[in-house]
Amino acid sequence: MRDMGISVLFQGNNFVRLLIGLLASLRIAAIAMALSVVFGVLVGMMMRSKHGWIRFLCRCYLEVVRIMPQLVLLFLVYFGAAKHLGIDMSGEVAAILVFTFWGAAEMGDLVRSSLISIPKHQYDSGYALGLTKWQVTVHIIIPQTVKRLLPSGVNLLTRMIKTTSLVVLIGVVEVVKVGKQIIDASRYTVPTSALWVYGAIFLLYFIICYPFSKLATSLERHRKEESV
Amino acid sequence: MDLAFIKEYLPMYQEAALLTIRIAAIGIVGAILLGLVCSLIKQLHIPVLRQLVQSYIELSRNTPLLIQLFFLYFGLPKLGIVLESETCAIVGLIFLGGGYMAEAFRSGMEAVSESQRQSAYSLGMTQMQTIRYVVLPQAVATSVPVICANMIFLIKETSVFSAVALADLMYVAKDLIGIYYKTDEALFMLVMAYLVLLLPISLICSWIERRVRYAGYGN
Numbered sequence: 004m005r006d007m008g009i010s011v012l013f014q015g016n017n018f019v020r021l022l023i024g025l026l027a028s029l030r031i032a033a034i035a036m037a038l039s040v041v042f043g044v045l046v047g048m049m050m051r052s053k054h055g056w057i058r059f060l061c062r063c064y065l066e067v068v069r070i071m072p073q074l075v076l077l078f079l080v081y082f083g084a085a086k087h088l089g090i091d092m093s094g095e096v097a098a099i100l101v102f103t104f105w106g107a108a109e110m111g112d113l114v115r116s117s118l119i120s121i122p123k124h125q126y127d128s129g130y131a132l133g134l135t136k137w138q139v140t141v142h143i144i145i146p147q148t149v150k151r152l153l154p155s156g157v158n159l160l161t162r163m164i165k166t167t168s169l170v171v172l173i174g175v176v177e178v179v180k181v182g183k184q185i186i187d188a189s190r191y192t193v194p195t196s197a198l199w200v201y202g203a204i205f206l207l208y209f210i211i212c213y214p215f216s217k218l219a220t221s222l223e224r225h226r227k228e229e230s231v
Numbered sequence: 162m163d164l165a166f167i168k169e170y171l172p173m174y175q176e177a178a179l180l181t182i183r184i185a186a187i188g189i190v191g192a193i194l195l196g197l198v199c200s201l202i203k204q205l206h207i208p209v210l211r212q213l214v215q216s217y218i219e220l221s222r223n224t225p226l227l228i229q230l231f232f233l234y235f236g237l238p239k240l241g242i243v244l245e246s247e248t249c250a251i252v253g254l255i256f257l258g259g260g261y262m263a264e265a266f267r268s269g270m271e272a273v274s275e276s277q278r279q280s281a282y283s284l285g286m287t288q289m290q291t292i293r294y295v296v297l298p299q300a301v302a303t304s305v306p307v308i309c310a311n312m313i314f315l316i317k318e319t320s321v322f323s324a325v326a327l328a329d330l331m332y333v334a335k336d337l338i339g340i341y342y343k344t345d346e347a348l349f350m351l352v353m354a355y356l357v358l359l360l361p362i363s364l365i366c367s368w369i370e371r372r373v374r375y376a377g378y379g380n
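Listed in order, the protein sequences are those of chains L and B.
So my numbering is basically just the index in the first sequence, starting at one, shifted up by 3.
So my numbering is basically just the index in the second sequence, starting at one, shifted up by 161.
To be clear, the hints were calculated from the coordinates, so they are not data collected in a lab.
Be a bit skeptical, because a hint or two may be false.
[To be verified] Derived Cβ-Cβ restraints for the label pairs, each shown as a range:
1) L:Leu22 - B:Leu213: 28 to 38 Å
2) L:Ser10 - B:Ser280: 54 to 64 Å
3) B:Ala186 - L:Trp137: 45 to 55 Å
4) B:Val301 - L:Asp127: 34 to 44 Å
[Said to hold, decoys possible] With a cut-off of at most 20 Å between alpha-carbon atoms, the simulated PhoX-like pairs for lysine-lysine come out as follows:
5) L:Lys123 - L:Lys53
6) B:Lys203 - L:Lys217
7) L:Lys227 - L:Lys150
8) B:Lys335 - L:Lys180
9) B:Lys343 - L:Lys86
[Stated by the list, open to error] Which bits of chain L does chain B cover? Going by a derived footprint, with three or more residues having C-beta under 8 Å, they are:
10) 75 to 83
11) 157 to 166
12) 206 to 218
Because the structure is a prediction, the values reported are computed rather than measured.
Backbone N, C-alpha and C fix where the C-beta goes; we use that ideal spot for every residue, glycine too.
Assemble the whole structure, with the sequences as input and the hints as a guide.
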């Protein structure tokens, strides 16, 4: 290697620009995740509805989300909305919509499975102590559900952060787009820039996601030890 | 909705779907093999290799496929390693899937109780024999649902291959939108194609999952 191409990362404000791009990705993931938690709890409760048709609708919703690649959903919303609703939706809004649509279904399923994993005697003991339904829910059921929910919820967040890399394909200016700009700008000065820039983005994603997946693993282990 | 248009361009989708299936199949088989090898290395506690495998698993699980592909497709040629887009896609899919599959096998092997191993050792089996005849068969059975979920995940991930100039379903849809402005038809066929590809697999997977669960209860 005659020329250390890695210098391209630190020329001018290139690295700062990459980080700002990454922030745009993370903002999408964070907003979508927050919305997913809110809607996910609703969906999760609907999945336990007494009415069969509501459960069936939720089932279909979940199945659609599970089957459709996120990129397809992004295309549907981004191009479909422009054509039918006449809205020139920014890629960022489309991404948040799609990620929330996806996250709410996944989160709903997680809420449902942690709700059913709580044994019936927990409810019964609460009632036997004279607690009201509301008190049982708030003091007994929710704390346990949250504990069961956390590891898989954090996992979902990691997946969402990773999936934000797709939004460059619907024209959002985020870390990959900034990377491309840097590569294009230094095409002649630093021919090997693609290697370094994509390598850096690769590592940046890893640095962001790794702590979260470690956190999920340790939460899971902690919960298992506690329940033994 | 322009039916004549759909009819005319259906063969393009068919071809793209076949390409997706081919790459996904090679990728999944490769990922399962790589995952198995990685989990065995971890299981056997082979020094150095074990740490390498662990860092590979963390790397592949914590980075997006798109970035891995960009690195392979645009980055590596700068080092003189030029991969065709199809090879690139397959390598990327195996790299990504291997980590997920390794985790699936690992959790399966961890679920096999210690007494099973101890019993095998006390029968005079070697470590290899124990893994081959006692641990693996049980581990594979318990990890089947996870492996199935990973398969669906990997097939879905193939949708990003259009970004490295592979003429897959996304690519065809984007082309048709770009050339003819037939957004509805192109997107409709895209959704249908993925439904046809993935719905049967998803249904088969949930069927298998139920069967395996029943098998578990029998113990």
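Each hint tested on the structure:
| no. | hint | verdict |
| --- | --- | --- |
| 1 | L:Leu22 - B:Leu213: 28 to 38 Å | holds, 29 Å |
| 2 | L:Ser10 - B:Ser280: 54 to 64 Å | holds, 60 Å |
| 3 | B:Ala186 - L:Trp137: 45 to 55 Å | holds, 53 Å |
| 4 | B:Val301 - L:Asp127: 34 to 44 Å | holds, 39 Å |
| 5 | L:Lys123 - L:Lys53 | holds, 17 Å |
| 6 | B:Lys203 - L:Lys217 | holds, 18 Å |
| 7 | L:Lys227 - L:Lys150 | holds, 10 Å |
| 8 | B:Lys335 - L:Lys180 | holds, 19 Å |
| 9 | B:Lys343 - L:Lys86 | holds, 10 Å |
| 10 | 75 to 83 | holds (count 5) |
| 11 | 157 to 166 | holds (count 3) |
| 12 | 206 to 218 | holds (count 5) |
Comparing the model with each numbered hint stated earlier shows that all of them hold.
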